[in-house]
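These protein sequence lines are chains A and B, in that order.
According to my numbering, the residues represented by the first sequence are 1 to 261, in order.
According to my numbering, the residues represented by the second sequence are 1 to 245, in order.
Just so you know, the hints here were simulated from the structure itself, not pulled from any lab data.
A few of these clues could be false.
In silico SDA-like pairs for lysine to any residue, Cα to Cα no more than 25 Å straight-line [to be verified]: (1) A:K29 - B:G82; (2) A:K30 - B:D142; (3) A:K251 - B:V15; (4) A:K13 - B:N89; (5) B:K107 - A:P105; (6) A:K251 - B:G82; (7) A:K106 - B:S67; (8) A:K13 - B:V15.
Far from chain A by the CB rule (all over 12 Å, computed), these chain B residues [unchecked claim]: (9) E139; (10) E188; (11) K189.
Note that the coordinates shown come from a computational prediction; the quantities given were computed from them, not determined experimentally.
For every residue, glycine included, the Cβ atom is placed at its ideal position computed from N, Cα and C.
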Amino acid sequence: MVDAVKDLIVKIKKQQFLFEELVKRDFKKKYKRTMLGMLWSLISPLMQLLVMSFVFKNFFARGQAYYTTYLFAGNLTYAFFKDSTTGGMNSLMQNAGIISKINLPKYMFLLSKNVASLINFGLTLLIFFVFVALDGISFHFRFFMLIYPIICLIVFNIGCGFILSALFVLFKDVQYLYDIFTLMLMYVSAIFYPADMLGDKQKLLYLNPIYVYITYIRHIVIDGYIPGIATHALCFIYAFGALIIGALIYKKYNYKFMYYM
Amino acid sequence: MEKIILNNVSVSYIVGDFSNIGLKDVIIQKLKGTYTQKEFLAVNHVSFTLEEGELLGIVGSNGAGKSTLLKVISGIMRPTEGTMAVNGNIASLLELGTGFDPDLTVKENTFLRGAMLGYTREFMNNTYDSIIDFAELKEFEDRKFSHLSSGMKSRLAFSIACLVKPEILILDEVLSVGDGAFRKKSEEKMLEIIKGGATTLLVSHSIAQIRRMATKVLWLDKGQQIAFGDTKEICDRYEEFLNKK
Numbered sequence: 001m002v003d004a005v006k007d008l009i010v011k012i013k014k015q016q017f018l019f020e021e022l023v024k025r026d027f028k029k030k031y032k033r034t035m036l037g038m039l040w041s042l043i044s045p046l047m048q049l050l051v052m053s054f055v056f057k058n059f060f061a062r063g064q065a066y067y068t069t070y071l072f073a074g075n076l077t078y079a080f081f082k083d084s085t086t087g088g089m090n091s092l093m094q095n096a097g098i099i100s101k102i103n104l105p106k107y108m109f110l111l112s113k114n115v116a117s118l119i120n121f122g123l124t125l126l127i128f129f130v131f132v133a134l135d136g137i138s139f140h141f142r143f144f145m146l147i148y149p150i151i152c153l154i155v156f157n158i159g160c161g162f163i164l165s166a167l168f169v170l171f172k173d174v175q176y177l178y179d180i181f182t183l184m185l186m187y188v189s190a191i192f193y194p195a196d197m198l199g200d201k202q203k204l205l206y207l208n209p210i211y212v213y214i215t216y217i218r219h220i221v222i223d224g225y226i227p228g229i230a231t232h233a234l235c236f237i238y239a240f241g242a243l244i245i246g247a248l249i250y251k252k253y254n255y256k257f258m259y260y261m
Numbered sequence: 001m002e003k004i005i006l007n008n009v010s011v012s013y014i015v016g017d018f019s020n021i022g023l024k025d026v027i028i029q030k031l032k033g034t035y036t037q038k039e040f041l042a043v044n045h046v047s048f049t050l051e052e053g054e055l056l057g058i059v060g061s062n063g064a065g066k067s068t069l070l071k072v073i074s075g076i077m078r079p080t081e082g083t084m085a086v087n088g089n090i091a092s093l094l095e096l097g098t099g100f101d102p103d104l105t106v107k108e109n110t111f112l113r114g115a116m117l118g119y120t121r122e123f124m125n126n127t128y129d130s131i132i133d134f135a136e137l138k139e140f141e142d143r144k145f146s147h148l149s150s151g152m153k154s155r156l157a158f159s160i161a162c163l164v165k166p167e168i169l170i171l172d173e174v175l176s177v178g179d180g181a182f183r184k185k186s187e188e189k190m191l192e193i194i195k196g197g198a199t200t201l202l203v204s205h206s207i208a209q210i211r212r213m214a215t216k217v218l219w220l221d222k223g224q225q226i227a228f229g230d231t232k233e234i235c236d237r238y239e240e241f242l243n244k245k
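Chain A on its own, in the form it takes in the complex (with noise of 0.2 Å):
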């Protein structure tokens, strides 16, 4: 029994050594050889938004109070989807040298993937509660519940970088399509437009999880309530069934991967 207990202590241990060298391997390479850094993390989303709050403030700003924050969150969670699942989707095609020399868990490729990207989010948020503040919003006790949205988010991100990085490598079109995917879902995401503009349709909005997430943000930060319960078992059951579905696919295909690096 103690030796059980020993020897997960060490598998934990071994695991958890993986994990931060490959965080850190990862997180330098994105950088490497630029010579902002991480502050182009902070630039790219900024620049975003200056552009489309310029162009589109004419157009939307009327219909909607606080507008660059709205603009803002919507921009804020699609970037972070958009980052971490095209990160995800390499993930296990990046390391094939890797995973068909050496025995390792495959998820962990994708997971230390997704740090670098959550990295980034993290500082985007902060400028994002600046913008807020500069929006004449106040903080309140409230703004804890974002908690909520950000922990369902990252769980989809992962799934879907599960999803996505098992088609990779059965099918390499998928690059491809998916940069057709991800356009056509931010026209779908109400970014930059108010979603009632969509009248009757608005409600189909609701089947994409990236609007959900966007959506519960900006009732917390701009319209000053906590979604209703529905909201909430949507945001769960997005990121859980994907994640759910990834899993069993990563377990199916474990072993057969290697045969389509």
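Once you've looked at the hints, dock chain B against the given chain A.
Frame of chain A, contents of chain B only:
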């Protein structure tokens, strides 16, 4: 104690499916009803047992299934047929240079590789200096990995795998690299590891090396197990076979 037991192990690769001939052709063939999934037997009913402290030399021409067999033993692939038992932690050196990141420094790569081989951080902190000294790369430790020569890269890979006292060591044609002096040093190190009780699998095209080091030899040809047993006897037979070709 028996460290590795293989019982009638076969491994087959799938050939002729969509990743091989393209999705379009698969659909056309499926519609026509002519689609069959073909399998290619890379390892065909191989059986052997290795005791603690033995060194198995694996010989055979290219495409004999040597590397596939090592992949099965190191747990990367699963046998399609047969059973296998491996007792102990494995350090595998399947082809050098893989798993290293060209952009990271030598030191960072050493820790990364150590983590991949399943060691703890404490252990790597304690062993790092002896690894880098053995590889004779002390003055290069903060240089980028891509700046090393290929001989240096393989020296580092060898040192990481061998200085960490694995119970099972898998070496796929890795001793034929590095300069003469390092080759001698690495052979000595290997013998030391084996004397320390590690079980080793060595793939090599150098019969002289196999004769010098192996306690048992496995001869594969096109996936088939031709012979398994005593080093001298099988090496003689194998050389005779090579000469006839």
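### Query
K106 of chain A and S67 of chain B: Cα distance at most 25 Å?
holds, 21 Å
### Query
E139 of chain B: least C-beta distance to chain A exceeds 12 Å?
holds, 22 Å
### Query
Does the claim that E188 of chain B lies outside the interface with chain A hold up, using a Cβ gap greater than 12 Å?
Given a closest Cβ separation of 26 Å, the condition holds.
### Query
Would the pair K13 of chain A and V15 of chain B pass a check requiring their Cα atoms to be no farther apart than 25 Å?
Status violated; Cα separation ~39 Å.
### Query
Between K107 of chain B and P105 of chain A, is the straight-line Cα distance small enough, at 25 Å or below?
holds, 23 Å
### Message
Check the hint pairing K30 of chain A with D142 of chain B against an upper bound of 25 Å on the C-alpha distance.
### Response
holds, 19 Å
### Distance restraint between K251 of chain A and G82 of chain B, which requires alpha-carbon spacing of 25 Å or less
holds, 21 Å
### Query
Does the structure keep K251 of chain A and V15 of chain B at a Cα separation of 25 Å or less?
Answer holds: K251 of chain A to V15 of chain B is near 22 Å, not above 25 Å.
### Task
Say whether it holds or is violated: K189 of chain B keeps its Cβ farther than 12 Å from all Cβ of chain A.
The claim stands: K189 of chain B keeps its Cβ more than 12 Å from every Cβ of chain A (closest is about 21 Å).
#### Entry: Straight-line alpha-carbon gap K29 of chain A to G82 of chain B, limit 25 Å
Violated, because 42 Å separates the two Cα atoms, which is more than 25 Å.
### Message
Next pair to validate is K13 of chain A with N89 of chain B; report whether the Cα-Cα distance is within 25 Å.
### Response
holds, 15 Å
Going through the hint list in order, the structure does not satisfy hints 1 and 8.
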